[in-house]
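Trainee: The residues making up each chain are set out below.
Protein chains: 2
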Amino acid sequence: MTPPPTYYPKDNQKKHPWRLMAPQAGGGVVGIGIDIGGTNTKIVALNKTGKVLKEYRFKTLPALGYPNFLKRISQVVNLWKNILPGDNFAVGVGVAGDINSADGIIRFCPNLEKWSNIKLAADIRKKTRLKCFIENDANIAAWGAYVLYLKKKYKNGIAVTLGTGIGGGLIINGKIYNGSGGSAGELGHTNIYPGGRKCHCRMRGCLEAYTGSYAIINRAKEEIKNIPAFIKQYGLPKVKKIDTISLARAAAKGNPIALKIWRDTGTYLALALSDMVLVFNPEYIVFMGGVSNASKYFLPAIKTAFAGQKIKAPFKKVKLIVSKNPDLGCYGAAFYALEKNRQ
Amino acid sequence: MTPPPTYYPKDNQKKHPWRLMAPQAGGGVVGIGIDIGGTNTKIVALNKTGKVLKEYRFKTLPALGYPNFLKRISQVVNLWKNILPGDNFAVGVGVAGDINSADGIIRFCPNLEKWSNIKLAADIRKKTRLKCFIENDANIAAWGAYVLYLKKKYKNGIAVTLGTGIGGGLIINGKIYNGSGGSAGELGHTNIYPGGRKCHCRMRGCLEAYTGSYAIINRAKEEIKNIPAFIKQYGLPKVKKIDTISLARAAAKGNPIALKIWRDTGTYLALALSDMVLVFNPEYIVFMGGVSNASKYFLPAIKTAFAGQKIKAPFKKVKLIVSKNPDLGCYGAAFYALEKNRQ
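Chains H and W are the protein sequences, given in the same order.
For the record, in the first sequence the residue sitting at position 133 is 133 according to the working numbering, with numbers rising by one throughout.
For the record, in the second sequence the residue sitting at position 141 is 141 according to the working numbering, with numbers rising by one throughout.
There's no promise every hint is true.
[What the hints assert, rightly or not] Pairs of lysine-lysine, PhoX-like flavour, derived with a Cα cap of 20 Å:
#  : chain 1 : residue 1 : chain 2 : residue 2
1  : W       : K51       : W       : K152
2  : H       : K312      : W       : K198
3  : H       : K296      : H       : K126
4  : H       : K198      : H       : K175
5  : H       : K54       : H       : K81
6  : W       : K253      : W       : K241
7  : W       : K175      : H       : K155
8  : H       : K319      : H       : K175
9  : H       : K48       : H       : K59
10 : H       : K310      : W       : K114
11 : W       : K153      : W       : K253
12 : H       : K241      : H       : K225
13 : H       : K296      : H       : K253
14 : W       : K152      : H       : K175
15 : H       : K260      : H       : K51
16 : W       : K51       : H       : K114
17 : H       : K303      : H       : K317
18 : W       : K340      : W       : K119
19 : H       : K151      : H       : K51
20 : W       : K310      : H       : K198
21 : W       : K312      : H       : K198
22 : W       : K155      : H       : K175
23 : H       : K155      : H       : K126
24 : W       : K310      : H       : K114
25 : W       : K198      : H       : K310
26 : H       : K71       : H       : K151
27 : H       : K317      : H       : K155
28 : W       : K48       : H       : K312
In short, the hints are calculated from the structure, not lab data.
With the sequences and hints as input, model every part of the structure.
Mentor: What follows is the structure in structure tokens.
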């Protein structure tokens, strides 16, 4: 990320050299993508060829309330609208939560102080006079990966976001598939063990209850005997708790318990994903999100499980891809704005 | 089904009164649908309004070989082409097996004497000079149900065929979704219990290993103590084995073991289907196939399981529908021909 640009109040902008930049050739269309997370919000502006024109990141601070957040995000968008070369801007937003994409409404957002029934698209439109399109963050990240890496070769695929929770996004016939009520892709809560481990969602046996980062760490705590020694040996400096980073570092050093935990993670993921391959027959599965940095240690178990399936054809077809790009959320949102703006 | 029409050799057809029928207004387009099963083949001709013009059924007799079958089916199609009013015929075929729909090829058909790599669409085209489109039978039945009952209200749904095996067909954005290699919808082999009951496919824990009719019967045999008495009390006359019909009749009479077996069947189906609802967010799930005649006894358990889910929205949205129409296969194939012919 580039450092945040200095903020100039609107009536001072004439003095700012950015205003003097000549519009670039072909730079007429600009997609502004916003990725709203519980902690950070990232925002990026791309031209239609995908070139990054601006990037910015700030604390979401949901506790200050939605009106405050709306004001801050609109200020950045309005600034960029004024300083960037372009005459056709559109805004795309990815939000972690239950989103009604068709009406541009955040229905419910557990990580954003339970903001609910927020007309985000209409509000941004009002404040910036730009078209605005919103989507679930997992779908948006799926779209980001699709446009950046996959679009040239594939039409149907699944994106799996591996983080605290497990997200899923479907691309079908080259478009985001968000289902009949906008809630498709809830891969994290598909059942892998009836009656199994308890999940954050209060059901038992969900994929997330085995492979969300909190679940991986819980499994590690059960299996590692001397936890302080483990942290001392494999943890990053100053980190006092086991995390997926120390588990990956331990696996890299050949620690057998860490290797087993990652192998099991792959086996659990394969239980859910093999069902998806059988039903969807996708061309690819792309893994993203922080935990996918440890793909080296869990991917072989997924490949083994897929190779052991008896209905061979769809498992031979599917490509397993890992993206370690941490900005797929805001890139995806910008691509989504460009795509929707074209329609 | 109407009785089979008498067959008139081609050069005698002028004498037949059907030839003298004036073409009906709006009857220019005719879809001929063929449903090839391991035992019977059904064929139907529909006009573009869905009116049945002809129906016919004959033994598939796959042991006589594919050329023999091709000859017989082409004779019926050619006869109808000559006697039915219409100037734009197209043929649609549903086949139980691994189908390459794009190229019109039967890749492998376990129930049809292992016919493999058969260019069915091209062969029918050669013999009848009509366009021919083929698809997997579960997808075709899904399409039949969609056009007959669901098209006016819905765009995304899942069809579940309950028979010896469990089939699945997906309708996405108002079209059959057959995946990247044509094998989407393999719902029967999604895993509901890791390491569970052995399935025909040689994996363990597949949905089909719990809810295919053979599996239901196996579970019944384990639970019913006096099987001959059970058959005597609930079986159809002359039937010597437990089947899903006697189990449904026993449930209708309040037999607690039969009621439990159907309830469990619903619970098992719900384990796989709730994952599908979470990932697909469909508008409907339609049940079809012989075993769906017992829906009264297994559907309540599915509804209970759906109501107990913690992510409520997609489960509130989805409608559960049962079709007891045994001819969705050939109707669907005819509708498919009409649809493809339009494109």
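Trainee: Of the numbered hints stated earlier in the document, which are not met by this structure?
Mentor: 3, 4, 9, 11, 14, 15, 16, 23, 26 and 28
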